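There are 2 protein chains.
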Amino acid sequence: MPNLSQKAVTMPESPIRKLVPFAEKAYAKGKNVFHLNIGQPDIKTPDSAIQAVRDADLDVIEYSHSAGFPEYREKLAEYYRNTGIEITQEDILITTGGSEALIFGFMSTCNPGDEIIIPEPFYANYNGFAVMSGLNVVPVTAKIEDAFALPPIEQIERKISEKTKAIVICNPGNPTGYLYSKEELERLRDIVQKHDLFLFADEVYREFCYDGAVPTSVMNLSGIEQNVIMIDSVSKRYSMCGARIGALISRNKEIMTAALKFAQARLSPPTIAQFASQGALETPQAYFDEVVQEYVQRRDIMVDGLNSIEGVFCPKPSGAFYCVAKFPVDSTEKFCQWLLEEFDKDGNTVMMAPASGFYSTTGLGEQEARIAYVLNQNSLKQAVECLREALKVYPGRKIK
Amino acid sequence: MPNLSQKAVTMPESPIRKLVPFAEKAYAKGKNVFHLNIGQPDIKTPDSAIQAVRDADLDVIEYSHSAGFPEYREKLAEYYRNTGIEITQEDILITTGGSEALIFGFMSTCNPGDEIIIPEPFYANYNGFAVMSGLNVVPVTAKIEDAFALPPIEQIERKISEKTKAIVICNPGNPTGYLYSKEELERLRDIVQKHDLFLFADEVYREFCYDGAVPTSVMNLSGIEQNVIMIDSVSKRYSMCGARIGALISRNKEIMTAALKFAQARLSPPTIAQFASQGALETPQAYFDEVVQEYVQRRDIMVDGLNSIEGVFCPKPSGAFYCVAKFPVDSTEKFCQWLLEEFDKDGNTVMMAPASGFYSTTGLGEQEARIAYVLNQNSLKQAVECLREALKVYPGRKIK
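Chains B and D, in that order, are what the protein sequence lines are. Residues in the first sequence are numbered from 1 upward in steps of one, following this note's numbering. Residues in the second sequence are numbered from 401 upward in steps of one, following this note's numbering.
Just so you know, these hints were derived from the structure itself, not from any lab. Note that this is a predicted model, so its numbers are computed, not measured. Ideal placement from N, C-alpha and C gives every residue a C-beta, glycine not left out. One or more of the hints may lead you astray.
[Unchecked claim] The calculated DSS-like cross-link candidates involving lysine-lysine, where the alpha carbons are at most 25 Å apart (straight line), are: (1) D/Lys745 to D/Lys781; (2) D/Lys734 to D/Lys781; (3) B/Lys182 to B/Lys316; (4) B/Lys18 to D/Lys653; (5) D/Lys653 to B/Lys25; (6) B/Lys253 to D/Lys418; (7) D/Lys792 to D/Lys734; (8) B/Lys334 to B/Lys392; (9) D/Lys444 to D/Lys781; (10) D/Lys425 to B/Lys253; (11) B/Lys159 to B/Lys143; (12) B/Lys25 to B/Lys381.
[To be verified] If the Cβ cut is set under 7 Å, some of the chain D residues that face chain B in the computed set are: (13) Ser414; (14) Lys444; (15) Thr445; (16) Gln626; (17) Cys641; (18) Gln664.
Using the sequences and the hints, build the whole thing.
Here it is in structure tokens:
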């Protein structure tokens with residue numbers, strides 16, 4: 001057979017999936033595994049979304065407009081206006097998940113060989129989208145001691161080269177849960193403007209902000225209206241990850257025209273899931289209030305629990321439903337594998353995502369792991385106790 | 401703002417959509433437009449597909465496995481085995497439409513700058529997928545006088561260069577409706593084997609073969625099992641274009657491993673539509689028999705009708721639901737626009753897709769148009785009569 005492509009070789013495997021074979025061994029031994037490794041929430045999808053599917057006319061499941069149903073875009077624009085983001089349906093392209101929005105965004109703006117700057121640790125699949133688009137990721141390291149705040153702006157600016165085309169952020173952040181302040185975003189805005197770059201912001205966790213924190217959208221940074229591309233998705237907001245409905249949003253008409261050409265080539269985003277997504281827009285505020293309250297409690301159980309374990313450090317995030325914790329171990333890759341293979345507490349163990357896969361710089365994050373607090377409170381309490389016991393007996397324990 | 405990418409510039413606009421503004425003018429004038437320009441069938445989606453959605457547990461619309469639900473893949477493998485294609489679920493990756501399957505296939509096998517050989521006229525969106533993957537399309541011209549049969553194999557072989565990585569076919573073909581014989585496919589097989597290339601076959605119209613013709617799948621060409629990638633989709637087979645469920649199929653484990661990495665980056669194909677697609681597998685044979693019978697009648701009305709118009713030539717295809725006809729006009733681009741802007745017969749007119757957009761070689765297909773016979777028989781009869789009258793009065797009429 002002929003050789004495969006270079007992309008096939010460099011395409012990273014998901015860091016979350018490396019441990020799956022070990023999890024399978026754990027199941028085979030009859031262990032119960034608390035899955036803190038993946039952001040699949042257990043929260044119920046809103047009734048209005050499900051009802052919209054049940055009520056939909058599916059006689060012929062037809063293509064939608066390549067940019068998504070006009071009616072859905074209209075109502076989605078209204079949702080944004082209600083959250084203080086002044087856009088119209090023309091600024092919205094409905095995509096197959098946030099993933100496709102990023103791919104179309106990268107391909108519309110960047111040439112193969114171009115560089116994109118991303119604060120690390122970052123959502124690991126950005127690497128995959130960069131490989132697909134032929135881009136080079138240039139990381140700027142955010143530190144766990146700073147709770148993963150935006151690195152000093154001079155540090156970011158030093159990374160800007162002739163090849164830099166865009167800066168990419170996720171806010172609130174996956175995997176850190178960090179919510180950028182308005183001031184941090186304005187510092188970013190200044191260098192985006194100064195160097196005439198594109199600014200991509202993945203804002204899919206917008207509704208998950210805690211302790212009264214209010215998120216600032218990049219769409220509201222004045223002076224770079226033509227440079228900003230927002231990525232969104234219904235996956236987390238309405239706990240409907242499987243719908244695969246996202247959006248690419250920009251006030252820049254040229255970007256929207258280019259992205260539409262990519263969208264036309266793949267014909268249309270999923271039709272049935274658009275009915276669900278349109279229905280989801282009817283979700284009452286009470287749903288979000290309840291979900292946020294639940295996540296605050298889960299976060300507190302998880303983060304306070306982790307910090308009560310000797311040698312563990314976990315900054316308390318203000319958004320999303322992830323945190324990154326530092327463990328007193330030789331390597332979280334080994335520790336996470338050991339948890340599945342060797343350890344159990346009363347038949348229970350924990351699966352986490354080693355953080356090294358979320359860093360682009362080799363060697364970073366080796367003592368850190370990402371935890372998704374997407375399980376019920378009782379499970380989270382048990383998971384913390386598992387980790388407490390595990391660290392007492394883990395042979396690779398190491399304080400530093 | 402910064403410049404957009406080269407891809408944004410070279411990404412082709414869909415040839416089918418160029419006429420949309422003129423169609424909108426026609427509607428505004430109150431004309432009825434027979435849409436022969438797009439392959440959106442009016443056939444009802446099978447009940448079992450719709451029922452599967454209604455019955456699905458949608459409490460939490462979760463991600464599926466990145467390769468698609470194992471149960472769906474299992475049943476799909478069984479469908480293929482029933483059609484004489486011996487594969488297992490491990491040879492199947494469920495994708496977001498056939499489009500994504502081609503993109504993942506191209507990116508897994510070809511490097512930017514590589515060449516792919518495609519008999520023209522071909523499905524225009526292959527151009528878009530090639531641009532996304534950085535590939536160069538090398539066309540080999542099939543002729544309308546030969547009913548768009550496979551061009552002589554020496555002609556194809558002459559196009560093979562150091563850069564050639566794959567040959568791409570669509571069988572039965574969009575836009576031609578031509579069904580390749582086993583002998584034609586074996587000739588292709590021989591040069592694929594000789595030059596160690598990949599062979600992509602888009603077989604989404606498999607169920608639409610007429611006059612007793614039986615399609616040969618590339619999966620059944622012996623000797624190139626490791627070189628073959630089949631693209632499939634539920635869109636046309638079950639008249640559910642909006643589901644966006646397709647498949648990449650290969651017995652080559654390395655390709656499947658690479659494609660899975662691309663699939664993992666985008667997390668999962670649409671969940672709800674996978675329920676529909678799994679349900680669709682229960683569709684009784686009677687459904688297809690009825691659909692095929694209907695399409696044969698539609699094809700005969702359309703093709704016989706076209707050939708009864710002086711100066712028009714349309715080979716009668718054995719598959720899919722398209723045909724390409726040659727018209728006695730200066731340019732079908734102009735003629736199709738004129739039909740919408742200037743012409744009507746008792747308030748009716750016709751929208752067709754000028755064929756030049758389906759050729760990669762500039763200047764070809766200028767007198768040809770693609771017609772999708774996806775309307776009811778009465779509409780098709782009226783559409784033929786529209787064309788007959790139109791050609792009597794079209795100012796750009798030209799016999800040659």
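(Q) Could you work out which of the previously given hints the structure breaks and list their numbers from low to high? (A) When the structure is compared with the hints, none of them turns out to be violated.
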